[in-house]
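Peer 1: So the chains spell out like this:
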Amino acid sequence: MSGLNLELEVFRNIFLSIADEMGIVLRRTAFSANIKERLDFSCAVYDRHAETIAMGDHMPVHLGAMPFSVAEALRSHTIDPGDIVILNDPFRGGTHLPDITSVSAVFTADDPEPAYYLATRAHHADVGGMSPGSMPLAREIYQEGLRIPPVKLFRHGEIQNETLDLILANVRTPEERRGDLAAQVASHRIGERRLLAATEKYGHGRISRQMDALKDYTERMMRVRLQGIPNGEYDFEDFLDDDGFGSPPVRIHCRLTICGDRALVDYSGSAQQQRGGVNANLSITVAATMYCFRCLIDDDAPFNAGLLRPIEVLTKPGSVLDAQPPASVAAGNVETSQRITDTLLGALQKALPEKIPAASAGTMNNLSLGGIDPLTGLPFAYYETIAGGMGARPTADGMDAVQNHMTNSLNTPVEALEHLYPLLMRRYAVRRGSGGEGKYRGGDGVIREFEFLTETDFALLSDRRQTRPYGSQRGQPGQPGQNLLNGNPLPAKGHFSAGTGDRLTIKTPGGGGFGREREMEP
Amino acid sequence: MPTPHIQVGVDTGGTFTDFLIRDGERYFARKTRSTPDDPARAIIKELADITADEIVHGSTVATNALLERKGARTAFVTTEGFEDILEIGRQNRPELYNFFAAARPSLIPRKLTFGAPERILHDGSVERELTDEAAEALARRIREAGAESVAVCLLHSYVNTAHERLLGKKLERLFVSLSHKILPEYREYERASTTVVNAYVSPLMDRYLRRLDQQLTASRLRVFQSNGGSISTRAAGHSAIHTVLSGPAGGVLGAAAVARSAGFKKIISFDMGGTSTDVSLYDNGFTYTTESKIGDFPIRVPMLDIHSVGAGGGSITYLDSAGALRVGPRSAGAHPGPVCYGEGDEITVTDANLMLGRLNPEQFLGGRMPLDIERTRRHMTSFAESVGTSPDSLAKAIIQVANSNMERAIRAISVERGYDPRDFALLSFGGAGPQHACELAARLEMKTVIVPQHAGVLSALGMLSADCVRDFSQSTLGRNVNEVFTELEARASREFAAEGHPQVHFERQVDLRYEGQSFEITVPAADRDRFHDAHRKRYGYDHSGLAVEAVTARIRAVAPRDKIDLDAPTQAETFSSVYIPPGWASRGDAVGNLILTKP
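Protein sequences appear in the order of chains A and B. Converting from the first sequence to this note's numbering requires adding 5 to each position, the first position being numbered 1. Converting from the second sequence to this note's numbering requires adding 1168 to each position, the first position being numbered 1.
Hints in this document: simulated from the structure, not taken from any laboratory. One thing to keep in mind: the hints can contain errors.
[As the list claims (entries may be wrong)] Partner residues aside, some chain A positions facing chain B, computed with beta carbon under 10 Å:
#1 Glu-12
#2 Met-64
#3 Met-135
#4 Gly-184
#5 Thr-223
#6 Arg-225
#7 Phe-308
#8 Asp-405
#9 Gln-478
[Claimed, not checked] Covered stretches of chain B (chain A as the covering partner; in silico rule of three or more C-beta atoms under 8 Å from a C-beta of chain A):
#10 1187 to 1199
#11 1578 to 1588
Beta carbons: idealized from backbone N, C-alpha and C, even for Gly.
So that you can see chain A by itself, here it is in the shape it has in the complex:
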């Protein structure tokens, strides 16, 4: 092999610690439960080509999609020192509206061109729109909330109050938004300080060379891994229950072609874009694809732009995996992304039966809610996702009650939730027996039961209420989930109103089983 780079690991450590530190600052200074308790955010470092170099181990669905935000911010603006661009428009670099992404450039002393870029993405608990929590079931993006194209929140270090005021005037919990945006800005400041310190020490040339080397390195790792997969075409299809407006099941299809050290993932056989918000844009589809391939690498490979170089992703514009305006998209990021993962892993399972688990819960069980807090008289808005069962692995049962694939956000502690919102938790339990049977059992889902202490509007974006997480190698599928209000079934997706004392119960799906059941063996 040529030119052994003995320093690579050293620089990898430097860049990763910068992304990590940005995350620590963002988490600890944020105001909303969604960021500080649930860790629904991500931070990343980009090189001078705006390609990803380092990302903290944050949210998989964010990380693969954030480079699109950086690219779009650069297409729309010249970013000067002290500028921070923010955006959430799914058709201009965003994913769904609650995810507000911030982008800045880092300049070294002697160069007018940016030396690096930084970005953070945080899921804000409310960005306006037709329902509190801004995760509604909508027909058009205009109903989903405030759409922010790339705009400068900071210009030469000065906050743009007109922009901020415009945003805050359109959201239900403006002070919380102000605090969370400030936390994102602080994260940029830390990242910039650390990158400049490293540059002073090692020089921009050397750092750039090592950034390039890191991308090449991850690319090599990916290619080596792809070579270990038998050449061929592998097809798989799976379905979303519906679009929330009574559509038939929504088909997600992929044809995976492995050829030597390259892969082609063709999603063009997937359904057309839908009326309800299950539409995903291209960045989400790429993020889900990237996640699946990253999981194939055993080593703790750096997750950077090199990973995708040997992989080509094909979508059909106007389809549910490459949605166009004015599609509604709230669930694309959180539901469809999970199904893309199930589908691609299903195809990979055909190529690598001993490496790929059965389907996991396949939904993030999004619950958003709000109303007027009787204690303070002020509006409240809350959002959470709920874990499910993990698909059984080829060598072990699936885990019970964990976040799967494209999310890894934490729960809000019951005691914190009850302090912050007019809610009372009645039950929080593992949903026994919901995992699919098999040689290895799928993990069990979760039961979470809320009692509303005041009149509350809530929205559900969930899936796998009809279709079930598939089993592999003759393992049984997991149980589908259920949403209940006072014991009566609710649809998977929709808006609802609850009165004081009403109880909402969410039962999340179990994972699929792997292999034939033990007792069935001869």
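Given the structure of chain A, go ahead and fit chain B onto it with the hints provided.
Peer 2: The following block gives chain B in isolation, referenced to the frame of chain A:
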């Protein structure tokens, strides 16, 4: 309190048990092989010829019980409907990109989990009363299930303790840990986990300490805690949670004692052993954390803030699938050990040090274990040839990669907490530390490295220097903070008096945050006004216009002891090999420490 005449610090480690004996002005160090099946044996044997007035003991009994899953048969009681909170945890998976990650382990079998028919709300009001009969019935079921120890963690018990106390009374005959006593702070999973770990390890610790106490009748035995203070054996037997991770804490305390007597007020201690490295920051006072984890279990009692990385002298070097040089996290351990020990075939950091002449092959472990440098050279040469470089460049690269891992650890406790490492000296100990200290210091632009004379028994020294300390805390959400302080101090005074410490002083601290945030910064209560400064220091900005709220009141109760005076050198000890790169000046100070500086 007058300091007793003969004091002994005893640090039980995995391989060796270290002793530092103070007889008036004189110090003696001893070292003997540990006896893991019964750690008391090594102690009793080694102290047979000494009548110590007081022994301060750092024990690994609790830690090992936890890591080896050999704790007591423990039941868990929580509010009905929430029996699975330990299993669910924070609902996240341990590894983001690994389909094969192991499931979270559990200390409690499902059939030993019980729901109590009760509910307290966040403001402390009782929504569903736990009746005496229900508590009695529950206690009976728990006893019948054969539990030896019970952890009780009911929702919102940090505001209203009544139901937990009632259960405690009904369970009197068992070993009971009540969450509002162990950690009266909100966030049920972390409080439950802390309480369960305590319940799981305490019975073993209690038995061990009773046994040891009986055999050391002439001496007063005290137990060293992970917060850097000592407590009575009785207290330690009930709340052994405070002793997990106490081993590394001894090293940090010892490092601080050495630094103080050598005239340094700001140090970063760097303890690099065979399989792991511990770093901690001392800024004229210790730094603490309430966010520790051991194994997979969150433990939220205050501990010295020690950051551990799984990298040390035994860390193995390899080329990964894309040809990058990696060091660790796998370790060669003691067996087979580094290549130079004569058995292993995988090159380690120790081999790289040996190859570069930074480790003296004849002086390893005081010459008790000569190293096979030829063997290392052969392995290094063939590895280097396979990647097209020279053995020396390869060895240097291994050291660099290892140092970059260490650098991240030090950044985590300094830069990420708002401290500038350039203001600190690096105090290095552990078998491998002094070979790396100077280069590591240079990476962080630190100008001074201290290699203490007592490096071999630094933990035991730390234990000897420990004050009697206990930490008390209480959630203050919605309460008057001063009232809470008064209550906590009254409780601390009572408990200290019962242990024979009439003289106690209190340090009041309070966890503050901006109203609406949920991460707190702990500041001295007197400095409440300086919260904005602390926030800016740590996070780079503040919201000076926003309201600040107090979340947790903390009392540190301290019965101080005479400070250790290290002017007199101890008996001769063997240094580890110290590597001094070009450009560094070295000198010995008056008490025998080696001070290395880069002008």
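Peer 1: Does each hint fit the structure? Answer for all of them.
Peer 2: How the hints compare with the structure:
Look at Glu-12 of chain A: its Cβ gets to within about 7 Å of chain B, closer than 10 Å, so that hint holds up. Satisfaction of the interface hint for Met-64 of chain A is found here, the shortest Cβ-Cβ separation to chain B being roughly 9 Å, below the 10 Å cut-off. Below 10 Å, beta-carbon pairs count as interface contacts, and Met-135 of chain A has none with chain B, the closest being about 25 Å; its hint is therefore violated. Given the 10 Å rule on beta carbons, the hint for Gly-184 of chain A holds: about 6 Å separates it from the nearest Cβ of chain B.
With a least beta-carbon distance of about 7 Å to chain B, the hint placing Thr-223 of chain A at the interface is held under the 10 Å criterion. Taken as an interface hint, Arg-225 of chain A checks out: its beta carbon lies about 4 Å from the nearest beta carbon of chain B, inside 10 Å. Against a cut-off of 10 Å between C-beta atoms, the interface hint on Phe-308 of chain A holds, since the closest Cβ of chain B lies about 8 Å away. At its closest, the beta carbon of Asp-405 of chain A sits 7 Å from a beta carbon of chain B; the interface hint therefore holds under the 10 Å criterion.
With its C-beta approaching chain B no nearer than about 15 Å, Gln-478 of chain A sits outside the 10 Å limit, and its interface hint is violated. Counting residues of the stretch 1187 to 1199 of chain B whose C-beta lies closer than 8 Å to any C-beta of chain A gives 0; at least three are required, and the coverage claim is violated. Residues of the stretch 1578 to 1588 of chain B with a Cβ under 8 Å from some Cβ of chain A number 4, which satisfies the need for three, so the listed coverage holds.
Going down the numbered hints, you'll see the structure goes against 3, 9, 10, while the others check out.
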